[in-house]
Amino acid sequence: MPFAYAFAVDIKTVIATINQMQADGVVENYAIGGAVGATFYLEPVATLDVDIFVTFRPLPGSLLLSPGSIFEYLKTHGGIVEGEYILIAGWPVQFLPPTGLLVEEALREAVIKDVEGTPARVFTAEHLAAIALQTGRAKDKARLLQFLEASSFDLAVFQMILARHGLIEAWRKFEQQFLQD
Amino acid sequence: MNFDLPAILESKRLARQRLAERPIGEKLRLLDALRERELTLRGRPQPAKSNHLHEPSPPYQTPGT
Chain R
1 MPFAYAFAVD
11 IKTVIATINQ
21 MQADGVVENY
31 AIGGAVGATF
41 YLEPVATLDV
51 DIFVTFRPLP
61 GSLLLSPGSI
71 FEYLKTHGGI
81 VEGEYILIAG
91 WPVQFLPPTG
101 LLVEEALREA
111 VIKDVEGTPA
121 RVFTAEHLAA
131 IALQTGRAKD
141 KARLLQFLEA
151 SSFDLAVFQM
161 ILARHGLIEA
171 WRKFEQQFLQ
181 D
Chain S
1001 MNFDLPAILE
1011 SKRLARQRLA
1021 ERPIGEKLRL
1031 LDALRERELT
1041 LRGRPQPAKS
1051 NHLHEPSPPY
1061 QTPGT
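Going line by line, the protein sequences match chains R and S.
Just so we're aligned: 67 in our numbering is position 67 of the first sequence, and the numbers increase by one with no gaps anywhere.
Just so we're aligned: 1025 in our numbering is position 25 of the second sequence, and the numbers increase by one with no gaps anywhere.
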């Protein structure tokens, strides 16, 4: 019943599937980012997809990195490929490689969160906020403002991340635009 | 009820904070419910032809690099 599996909306099943994929050696590591990652720290907001950042294993005998093995694995576990997404448990899931040093660091330093007995590897709040600042769309800026209000957010850690990744000027502009009366 | 805007904004902020502090399992079920609503409004994707929205992926790096 692959379609029923694919269409019963359950994000916890998505997380369990990714965990199993990692245990089976298809990916070295993963972390949840985007709006779903932010939900671990903020109030939930509607989102169209699940962003999973992964470190791919090179193909045997090749230096090329490919998501093909992920898609092949998930297709045999009830996933349905739709363009750049694969539908798992009713959610379009997108697998993304780290495209810069900030996201590479976020992947390395991601933390394990417990979702009712299911472990989920998630970017830290401070990395999610730094990525939002770097990405810089309107909804990313709104998300960054939410992080700054969150009680568990560590501003000092966030500012160290910004310094490491050349984002101090972007932060100064953000402060001028949104945080000064 | 009154129209004291600062009080209204503060009330909204506190409501959002309370929602953010709910257990993660509960918050993820809310995401599922929001996704279900979207599927109901837009129609469920068919295996051969998708109807779901495709949002362009963010660049996840500094613009211009």
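Please keep in mind that the hints were generated in silico from the structure rather than gathered at the bench.
A few of these clues could be false.
Label pairs and their computed distance ranges (CB to CB) [said to hold, decoys possible]:
| hint | chain 1 | residue 1 | chain 2 | residue 2 | range |
| --- | --- | --- | --- | --- | --- |
| 1 | S | Glu1036 | R | Asp114 | 19 to 27 Å |
| 2 | R | Thr76 | S | Leu1014 | 46 to 54 Å |
| 3 | R | Ala23 | S | Gly1043 | 48 to 56 Å |
| 4 | R | Arg172 | S | Gly1043 | 25 to 33 Å |
Derived coverage of chain R by chain S (criterion: at least 3 residues anywhere in the stretch with Cβ under 8 Å from a Cβ of chain S; other residues may be distant) [what the hints assert, rightly or not]:
| hint | segment |
| --- | --- |
| 5 | 18 to 30 |
| 6 | 71 to 78 |
Glycine included, C-beta positions come from ideal geometry on N, C-alpha and C.
Hints, one by one, checked against the model:
1. For Glu1036 of chain S and Asp114 of chain R, the hinted distance range of 19 to 27 Å is satisfied, since their beta carbons lie about 24 Å from each other.
2. The given range of 46 to 54 Å is respected by Thr76 of chain R and Leu1014 of chain S, whose C-beta atoms sit roughly 47 Å from each other.
3. For the pair Ala23 of chain R and Gly1043 of chain S, the beta carbons lie near 35 Å from each other, so the given range of 48 to 56 Å is not met.
4. Range check, Arg172 of chain R to Gly1043 of chain S: about 45 Å between beta-carbon atoms, so the 25 to 33 Å window is missed.
5. Look at the segment 18 to 30 of chain R against chain S: 0 of its residues bring a Cβ nearer than 8 Å to a Cβ of that chain, fewer than three, so the hint is violated.
6. Counting residues of the segment 71 to 78 of chain R whose CB falls under 8 Å from any CB of chain S gives 0; the rule of at least 3 is not met.
Against the hints set out earlier in the document, violations occur for numbers 3, 4, 5, 6.
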